[in-house]
Structures are given as structure tokens and as C-alpha cells.
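Novice: Read off the chains here:
Protein chains: 2
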Amino acid sequence: MVEQGNAKLSAIRAEMASRDLECFVCFHMDAHNSEYIAPCDERIAYISGFDGSNGIVVVTKDDARMWTDGRYYLSAEKQLEEGWKMMKWEATEQTWFAFVDAQVEKGQKVGIDFTQYPAKSMKTRTEFFKKKDIEVVSVPNLVDLVWGAERPVRSEGKVQLLAKEYTGQDTLDKYETVAKKLDGSVDALLVTTLDDIAWLLNLRGNDIEYNPVFFSYLIFYPGKEDKKHSVTLYISAGKVSDLKDYLESVNVTVVPYEQIAEDLVNFAESDLKIGADVDQLNAELHRHIKDVIVEKSSIVETIKAAKNTTEQAGMRACNVRDCAAIMKYFAFLEEELKKPDHGLDEYSGAMKMNHLRSLDPLNRGPSFESISSIGANAAIIHYAPPKEGAEKLNNDEIYLLDSGGQYLDGTTDITRTAHFSGSKAPTAFQKEAYTRVLLGVLDLERIVWPSTSAISGADMDILARRHLWAVGLDFKHGTGHGVGSYLNVHEGPQNISRYNKVKLVEGHCVSDEPGYYKDGEFGIRIENVIMV
Amino acid sequence: MVEQGNAKLSAIRAEMASRDLECFVCFHMDAHNSEYIAPCDERIAYISGFDGSNGIVVVTKDDARMWTDGRYYLSAEKQLEEGWKMMKWEATEQTWFAFVDAQVEKGQKVGIDFTQYPAKSMKTRTEFFKKKDIEVVSVPNLVDLVWGAERPVRSEGKVQLLAKEYTGQDTLDKYETVAKKLDGSVDALLVTTLDDIAWLLNLRGNDIEYNPVFFSYLIFYPGKEDKKHSVTLYISAGKVSDLKDYLESVNVTVVPYEQIAEDLVNFAESDLKIGADVDQLNAELHRHIKDVIVEKSSIVETIKAAKNTTEQAGMRACNVRDCAAIMKYFAFLEEELKKPDHGLDEYSGAMKMNHLRSLDPLNRGPSFESISSIGANAAIIHYAPPKEGAEKLNNDEIYLLDSGGQYLDGTTDITRTAHFSGSKAPTAFQKEAYTRVLLGVLDLERIVWPSTSAISGADMDILARRHLWAVGLDFKHGTGHGVGSYLNVHEGPQNISRYNKVKLVEGHCVSDEPGYYKDGEFGIRIENVIMV
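These protein sequence lines are chains A and B, in that order.
Heads up, the first sequence is in the numbering used here, so the first residue is 1 and it goes up one at a time.
Heads up, the second sequence is in the numbering used here, so the first residue is 1001 and it goes up one at a time.
Calculated from the structure, these hints are not laboratory results.
Treat each hint with caution, since some may be false.
Claimed, not checked - No farther apart than 25 Å at their CA atoms in a straight line, the calculated lysine to any residue pairs in the SDA-like style are these:
1. LYS1501/B <-> TRP449/A
2. LYS501/A <-> ASP1474/B
3. LYS1501/B <-> LYS123/A
4. LYS123/A <-> SER298/A
5. LYS328/A <-> TRP449/A
6. LYS1431/B <-> ASP443/A
7. LYS518/A <-> PHE1429/B
8. LYS1130/B <-> PHE1099/B
9. LYS1106/B <-> PHE1129/B
10. LYS88/A <-> PRO152/A
11. LYS518/A <-> ILE1447/B
12. LYS476/A <-> ASP1443/B
13. LYS1518/B <-> TRP1449/B
14. LYS1158/B <-> TYR1210/B
15. LYS431/A <-> LYS1431/B
16. LYS503/A <-> ASP1474/B
17. LYS1123/B <-> TYR1210/B
18. LYS476/A <-> ARG1446/B
19. LYS503/A <-> TYR1210/B
Every value quoted in this text rests on a predicted model; they were computed, and no experiment measured them.
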């Protein structure tokens, strides 16, 4: 591994030299601003050895650094190959851009694969470097060039049609809703976020683990006087070869995934106006249309977030079935942990849970990597048990399971915390903390408000926290995130936190997940998905 | 009255003509952006006959309009003299500036007394007219010119020193706190809000009913290397003639009230920087220093709002005594209303309450005009009982009393709602509404939060409303306002509403006053002042 690590860095540096780059920066990101990424986009894992979900790498002529956060310090130190140094992503530490600024002299160039950065953030970053007289240039991803034939191919998995009994709304109707919202303000709307595309076309895929999405871009044309809405879908043709009739029926023209850039160049040369969300659109595509773009934030995302009545019923139904599976698992644990030789650990427990879920005929796998943690590990908010070396489960400590499933009729995300009172019972403090967390869950899930008031997550965050605050406790994470309908377990635009001012409307689903964490001792979290 | 009304308007129009004005606009406002104004500033009452607390008048060559809000429609219609037309200040009605725009042609002039409008708001307004090619010019208040010798003189009442047992902090210490906050950013700070001046100098006055303030402007000089802080106080000399030694001891130079404008002109011609709050500073004074001003928002207001430990103790003590007086009043009512010939009405009840309060040796009068209302009148949120024609009190309907006192050790504002169950008992709905209002009061007053979090009124407004929301009820006013310490009953910058993001800190006092109002039937409000 050591020579290979060096060889890879040398190859990157050769690519940098041929482009006159002083520095190359690469992110843990795909071209669609996805939270989870596919194997072909795991460039940081390939080039540095570090396989965590948060990383930024900077390679200079004689240095290579990788930034990540506190969850990954230990594993990054172990995994990083020779020639790499880990950097802490913390308020008091040097940022990657400050590092670049310190390494690069005026007039020199920094290369970035612009598809890895949303346009709006790139603007901020580019302006920072411009002030320093450092030029940021868009380059192909140099990691891909080094990776070469070894790079996993982009999934050719088939896209599936999701039946109306689950979506509740025909695609042509969804076009109408989007067109109404655009209200003639643009000639076309570019959609680049994978879950928005999947929702609009009533299609699902398998290209990213946990997220039933498929790689594609989409341009929606609201039509002129004829009001006939149509779509151009940029996707590998083989993925939708079984869906020709359906796609034709919903006015979709299929063109190759890679053609998006060329088409946007043509768009920019026309007199037409194109809408796009610059918080999501990658900076590379943005370059082509920056003169003709009309900023349209969260158009599809906002419509998608308010679940229709079919989706609402589906969310309820899948949550009931999911809870039944969880109860089976906890009942199983209760019996199993009494056996001295049970052999269950955090990882195998999570696998057992996924198995119980998979018995449901509508289940399509887990919706995220389970957090299955015992004792002090439960205090680590984003803990994921390793396959090798997970802690053995026991009935003397608090056990926390945060897991969820993808079902044809919805997406779940549930956390339960239990203590099986073996030789030890939970302490009075643990019981009090649990009770106060539960009071927060209940207060938040029972809130009712006037539909005439624009009430947001910011207005109600206090309900989940006040019972903890009353005795000087709190939790250092958001109270709740939006949840998709057989889509991503995290979606916007609404959430429950002091900072989210998006008006909550009927059909919005959010998680309700206060907690309490005592470092080095135990962790408590209780989570339900609740619906407006 | 009719001829006089006409004569007054004719006189105003003559003044307009001599200044080539197409239109003159006058506000219910003084030069200090005060909520309550003195008799000499009641220009709208003089010129139009309407004596409500919210009014804007526009006089053109052949028209005269007066805008007010829903509280005053009935009384305004009665009071307005000949030649005047009442306009409704509502979202769907024509605004005064839209009216002016419709009346005045391009290139013509609109006259406004700039002392009646805060600088920041005037900027917005002037820009509106500029777009329409209408010139807004600063003129002396034309009403004053017509009013002439009949205009009440500005109060010459003596200013009093407030003892340290009530203020808790010497003026020289307060200077130090202000200077620290300015941190060398300006050479001087202009303070124009009357309660801020009173607080800083530990002085109180009697120039405005209910508010123990005195007309003045103040410039604070933080000093240079010598760190000797000093103040120039612009005030009528006779008002502070008894305080010469004190003022000298706190480095105050007294100069005439009117000299402020001239001094600011001189300031503008120097190289010095002066700080001021453009939300408060009137537009006339702002004109003189607009090139040298540094915007400093709420410097004194913010320090003043966090009561020191002496003020905190005073607020607690005066609230206890005030509550005792209120309990005496309600006990008195309970007995009195049983008598068929009791003769008590809403107005005489309020007077009785003020009398009971005045028996406290530290009482210095009411802190605002009492809202004393029975039955359907209690549903009118800002109802003030008229001296003549107030409703007779009874023990068959809900009675609401919202009143407060000024005390040397603090300011109170308390609302109690009672039903004395004479021949009728309160209905089940009234009892439920009362209970839900009370639950909101209690939830809000008991909230505890981590001092490390920047928690504001916006975060907790929901606590006062959620028990009402749960059954489809709500109230259409803010939940709580800041309260002064033997100062104005309304003060900032903090309050309890969904829109106030000012961080709540120790010593902040706010009212906690949810309510429920059933139009035409009854009103409920329960109010305590609570302290962080």
C-alpha cells in the first residue's frame, strides 16, 4: 500500500504539473450535491485511503493533506496512506482554503473539479482566492485520471417505475404543479438533485447506497401556449430501456447523461431563460449558463416535501410495520441477552434488525447506516459499529438503535433506547434523562397551530429541549430533519431547529429526535417521524 | 368649533402657500420618537380635533385627511372637525404616502417637520417620493405656527435625582459601561431617546404622562487617553437648577435644549466621529450630521434593559406591593358588586385602583392608562374606559383590568381577569379559555435555558400560545414587551414574539401576557412581568 500511495500521489502531481497547477483540491462530493455518494465518486478513499463520509483533500507539489471531522480522527489516522497528513476540521484549526492560501503564491493556479462544488459556495470560495490573487481553475478530476480503469463504473442498474398506489400523483400532474409554480418566469427549469428528479418522474433507482435514486440531470420545459409540458432526461440509455412507453407517455426525451454540458452551452447561446438552484447546481454546469440563469430555489424540493394524501398514508403504514419489526428485534434482544454466550455485538445486532425489516414485502433495504451502540458508544452521536471489533451487547448498559428502512410506500427513521436491566438497573439520572427526552418528543409531536400563521421549525424547537433545559441538560444536534417518501432519509427544505424559518405545511414529514449524551458513559435518543 | 376648524386649516394652507408647498404632513410624534407625547406635541388633536394616540394628517390645498387604526374609527368620526376626512390605516386601504403621491404632481413639494420622523424611516419615505419626482422638504411644524400662543408650553417641571438605593449604579459607572461598549469607535455618542437619557444620568422627570422622563438631548464623550468621560446635556436650565452639584460631580455640562442643532452642525464641520441610532434619531438632527455619523444601534438601550441586581430586587419588591394593591381592589369589587346600587363603572373602578396603588409611599402614579373593561369591552384589546359613558361593572360578566404603577423602585404592568359569579357563572368555554391562557403564562414564566445558547423571545413565543392553539384559539397581539425600571412601561430591545431575535440575558424584564378575545362577548388576559 505504501508504494502505491506514493505512486498515486506522484501521478496526481504529474497531472498537476502538466496543467501548471500549484495545488489540486478534491471533495467528498458528486456532481449532484448528494449527501451519500456512489463508489465511482469515492475519490478520497481511492487517493488517500480514508473512507469516511466527510473529507477534503489538498495536494501540493510536496504535501498532501486530508481534512475531516471529530468522528473520523481515529480511523483517518489509521487509514491514511504514506505521504498524507490528517487535518482537523474545527473552528480553531487551519481550514483547507487558508492552507491553500499559505502554500500558493500570487498568480499561481489552484485546480478544482468544479462538478464537485455547488455554484453558490464556489462563488464565495473563488472570491476569497481572487482577493489573494490566486486563480482557481476548473479541471477534470485528476483523481479519476490516476484511478483509470480501476475506477468502478457508474451503475448501469435499471430504473424502476413507482406505482401510483405509492406516489399518489401522476407525473403529468406533477409537471402541472411545477409549471404553476414557475408561472411563466422561465423557459426551462434545470433540476440536478437526484431525489427531485426521481420524485418528479415517479421513478426510483439503485445508484447510491440507502438512497433509491439514479444518476441523471433533467430539464423541464413548461411549454408555451400549448401548455404541453415536457422533459429532457440526461441518463445512460440502458438504465431506462425497459421504460420507453412510460417515458414517452410523460413526454420525456432521453439523451446521454454527459450531453447536459453541451446542451447548456447551446441554451446559453439562445435567447431563452433557464431556472436553476445555485445552492444545488454544480459550479461546472453553472459556468455554461451563468449569463442566462434565473435563480429558482428549491422549486421541486418544496413541492416534494409536502406529501400528498397517498404518500401520507404510506408514511403512516410503513412506520407502523417498521415499528413492529423494531419491537420484534427488542423482544429478541431481551431474551437473547440473558444468555451468557449470546454472541451479539453492535454490528450483528444492526444486521439482525435489517433482516427483520427485510421480511416486509415492501422493504427495499435500510435507509441509512444503522447507529447501533452500547454504553459509552451511544454517547457518540454519529457512531456506526465496525464489522470487526464492535462492542458486545449486554443487558447492563444502555443500548441505542437509530435505524430506518426504505419501503415502496415510504422511508422510516426511528431511534429507540433501552436498558434490559440485567445485573444492573439504569441509574436514577439515566431514568430522569430518558424521561425528559421523551417529554420533548411528546411535546413536539403533539403541537397544533393555526394554519393562518407561518409557523416554522424555529418556532417549535424549544418544545423538544425545554424539559432538558429545566435541569441544565441539552443536546448538541438538530431536533429534526425532513424525511423523503421512499426517497432520501434527509430532505429539505423544512427541518426542526432554531435556524429553519421554512413555513411548515400539511404533509411535511420531519424527524422528532431529541437526545441526551453523557460523554464516556451513555447516550439516549428517542426518534419518531412526525407529520404536519 | 366648525369655524375654528376651517380657520385653522386656512391658516395652515396660508403657511403652505408661502413656502410653495403642495402638501403638508404631520405625525403623532415628538422629536424623541416617544411612544407617549406631551400636550405641547399633541398637534393632531389641535389641528383636527382627533385626540387618539395614533394619527397621521395630510393637508393639501383643498383636502385634509387623518389616518388612524381600528381602535379609533368611531371616536375619530365623532371628533374630526369640519374639512377633515378620516382614513383607515389598514393593509387594503390607501396609505398616506400613496394619497400624497396621487395628489401631488411631479416637481411639486411636500413639507414635513423632520423632527417628527426617525432618520431611517425618513430615508425610506424620501426615496419613495424621489422615485415619483416629488420633493420632500424639511419645514418648521406649520401646526405650531397656527397654534401660536395657545400652544401649551413645554413642561418646566423639575428633574429629580433617583437615589442609588433604586438605581444600583452610579452615573460615572454607567459612563464606563457605555464607553467600554463604544470601545473607541466614536468620539461622541448622541442619545436622543428620553428614557435612555434618564437612565444614564440617574434622573427622572414628569414631562410626559405615565413616563418619568424629561425633554433633553445628550452627547456622551468617552474621553481620550485621560479616560475622563463627560456629557453635554441639552435641557431647559430651570429644570435642573437644583441639581448643579450633582451634575458637576458627574461631568455634565448643561446647555439649552434648542442648542443641539447648532452643536451638531459644528460637530459635522469637525473631524470627529459621532455615533447615533438612526432608528431613533429624528431626521432633522440627522441632516446636520449625516456625513460624520457612525450608526450605533441601541447602545444605551441594550445596557439599560439588563437590570442590575438592585433594579432586579426593586422590580420584585414593587411587583409584590402592586399585586397586594390589586388583590385589595378585587376583594373590594367582590363585596361592592353584590350591592345593587354600587355605582362602580369601568372608569371609576380604574380610578379606585390607581388610588389603592397611590397609598404606597414609593408610588409615583400609574405607568399607563388603565384598561378596565367589562363584558364585550374586554374583547377590545386596547380599550380605555371613557370618563363619561363607561359601562357599569357587574358580577355576571368577565372583568379585565390591565394596569400598572410607577414606583421609585420599579415599574409594574399587571393584568387580571375575574368573574364574580353573581346571578351567572362563567361558561365552560370561558373557563377553558382562561385555563389555557393561564397555562401559557405559567409555561413561559417557568422556562429555563442554557446561558451558552443565544435564546430570544422568538424561540419561546410558542410556549404562551400552544395550549390555546391546541383547541384552535389564539390571540392577535405580541406575547410580551420589555419593561423599564421606574421608566417606560414599554422598552426594548428584547420582547417575546416570533419576530424578536434579541438574545435574552440576565436582568431582562418582559411582560408575559397571553390572552383570548371573543369579539362582542368577552376577553381574557393574564399578565405578569417576568425576569430572566
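Novice: Would you mind marking each hint as holding or not holding in the structure?
Specialist: Evaluation of the provided hints:
1. Restraint check for LYS1501/B and TRP449/A: the C-alpha separation of about 21 Å stays at or below 25 Å, so the hint holds.
2. In summary, the hint linking LYS501/A to ASP1474/B is supported, as the alpha carbons are separated by about 20 Å, within the 25 Å threshold.
3. For the suggested pair LYS1501/B and LYS123/A, the alpha carbons sit about 29 Å apart, so the restraint of at most 25 Å is broken.
4. Distance restraint check for LYS123/A and SER298/A: the Cα-Cα separation of roughly 19 Å lies within the 25 Å cut-off, and the hinted pair is therefore satisfied.
5. For the given pair, LYS328/A sits about 35 Å from TRP449/A by alpha-carbon distance, which is inconsistent with the 25 Å threshold.
6. Restraint check for LYS1431/B and ASP443/A: the C-alpha separation of about 23 Å stays at or below 25 Å, so the hint holds.
7. Restraint check for LYS518/A and PHE1429/B: the C-alpha separation of about 46 Å exceeds 25 Å, so the hint is violated.
8. With a CA separation close to 15 Å, the supplied pair LYS1130/B and PHE1099/B stays within the 25 Å bound.
9. Pair hint LYS1106/B plus PHE1129/B holds up; C-alpha atoms about 10 Å apart against a cutoff of 25 Å.
10. A distance of roughly 29 Å separates the Cα atoms of LYS88/A and PRO152/A; the hinted pair therefore is violated under the 25 Å criterion.
11. Of the pairs offered as hints, the one joining LYS518/A and ILE1447/B holds, with about 23 Å between alpha carbons and a cut-off of 25 Å not exceeded.
12. Restraint check for LYS476/A and ASP1443/B: the C-alpha separation of about 23 Å stays at or below 25 Å, so the hint holds.
13. A hinted pair counts as satisfied when its Cα atoms are at most 25 Å apart, and LYS1518/B with TRP1449/B does not qualify at roughly 34 Å.
14. Note on LYS1158/B and TYR1210/B: the hinted pairing holds, with a Cα-Cα distance of about 16 Å set against a maximum of 25 Å.
15. Between LYS431/A and LYS1431/B the alpha-carbon distance is near 36 Å, which puts this suggested pair outside the 25 Å criterion.
16. Taking the CA atoms of LYS503/A and ASP1474/B, the gap is about 18 Å. The hint holds against a cut of 25 Å.
17. Between LYS1123/B and TYR1210/B, the direct Cα distance comes to roughly 31 Å. Violation of the 25 Å bound is thereby established for this hinted pair.
18. Distance check on the hinted pair: LYS476/A and ARG1446/B sit about 22 Å apart at the alpha-carbon level, within 25 Å; holds.
19. Restraint check for LYS503/A and TYR1210/B: the C-alpha separation of about 40 Å exceeds 25 Å, so the hint is violated.
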